[in-house]
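Given the structure of chain A, go ahead and fit chain B onto it with the hints provided.
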Amino acid sequence: MLITTTKGIMDDSKLEKKEGSLDNDNEITTWVEYWLEGELVHRSVHVHLKKNVVAEGIQAMLA
Amino acid sequence: MSNTQAMCTSFKGQLLTATHNFGTAPTRGTTAADTFKAALYLASATLNASTTAYSATGEVSGTGYTAGGITVTNGTAPTTSGTTAYWTPSASLVYTTVTLTTAFDTVLNYNSTQSNAAVGVFTFGSQTVTAGTFTLTMPSNAAGTALLNLA
Chain A
50 MLITTTKGIM
60 DDSKLEKKEG
70 SLDNDNEITT
80 WVEYWLEGEL
90 VHRSVHVHLK
100 KNVVAEGIQA
110 MLA
Chain B
4 MSNTQAMCTS
14 FKGQLLTATH
24 NFGTAPTRGT
34 TAADTFKAAL
44 YLASATLNAS
54 TTAYSATGEV
64 SGTGYTAGGI
74 TVTNGTAPTT
84 SGTTAYWTPS
94 ASLVYTTVTL
104 TTAFDTVLNY
114 NSTQSNAAVG
124 VFTFGSQTVT
134 AGTFTLTMPS
144 NAAGTALLNL
154 A
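Order-wise, the sequence lines are chains A and B.
Taking our numbering, the leading residue of the first sequence gets 50, the next gets one more, and so forth.
Taking our numbering, the leading residue of the second sequence gets 4, the next gets one more, and so forth.
So here's chain A without its partners, still in its complex pose (with noise of 0.2 angstroms):
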């Protein structure tokens, strides 16, 4: 798979991956990362929000 890098257009098999994720109450996140000869090159970033904002005080403002 040819992956955009700092570097230009690289192979991913000549490159180091790295993944991660967290879930908490805010968002659910994954990254992935790609790194050559210990320099990082790609690092690309999923948050999936899980917060809103609420106007409950919407009465209140125009009462």
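Don't read these hints as lab results, they were simulated from the structure.
What you are looking at is a predicted structure, and each value in this text was computed from that prediction instead of being measured.
For glycine and all other residues, C-beta sits at the position ideal for the given N, C-alpha and C.
Watch out, some of these pointers could steer you wrong.
[What the hints assert, rightly or not] Within a straight-line C-alpha distance of at most 30 angstroms, the following computed BS3-like cross-link-like pairs (lysine-lysine) qualify: (1) A:K66 with A:K99; (2) A:K99 with A:K67; (3) A:K56 with A:K67; (4) A:K100 with B:K40; (5) A:K56 with A:K66; (6) A:K99 with B:K40.
[Claimed, not checked] Every beta carbon over 12 angstroms from chain A, so not counted as near; a handful from chain B, in silico: (7) N6; (8) A88; (9) N119; (10) T140.
Using the frame of chain A, we list chain B on its own:
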């Protein structure tokens, strides 16, 4: 029979479509929806409920990122359910092939049609992106979970 004091749910929904005006407000020459945008902010920035409009102060910068952010896909009109009016962007926010090396943790949703007026500040865990894509997927578009809720 008895009466119950309440704010009408239909009114809450109409607030999201600018039906009512209790004061001085922009004169609208069109019934079309406004354009909303999403800008990313550094973890060191100070956006909060007092933020009134988009500002470049504290905004991320880097290869592939344009100041002001990206346009929000608004394919689903606001609606109501129960006593809640709500709205959510109809697609994920995707910043493609960017390099943002200074940690960021916030996205500001703002109305670029109405003088960049702020809508909401949303935070997440601090991130960086290197020659990659940053994707923000929205919560479910339903009462209580939608990105904007007028409950």
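Are there hints from earlier that the structure breaks, and if so, what are their numbers?
Hint check: 8 and 10 fail, others pass.
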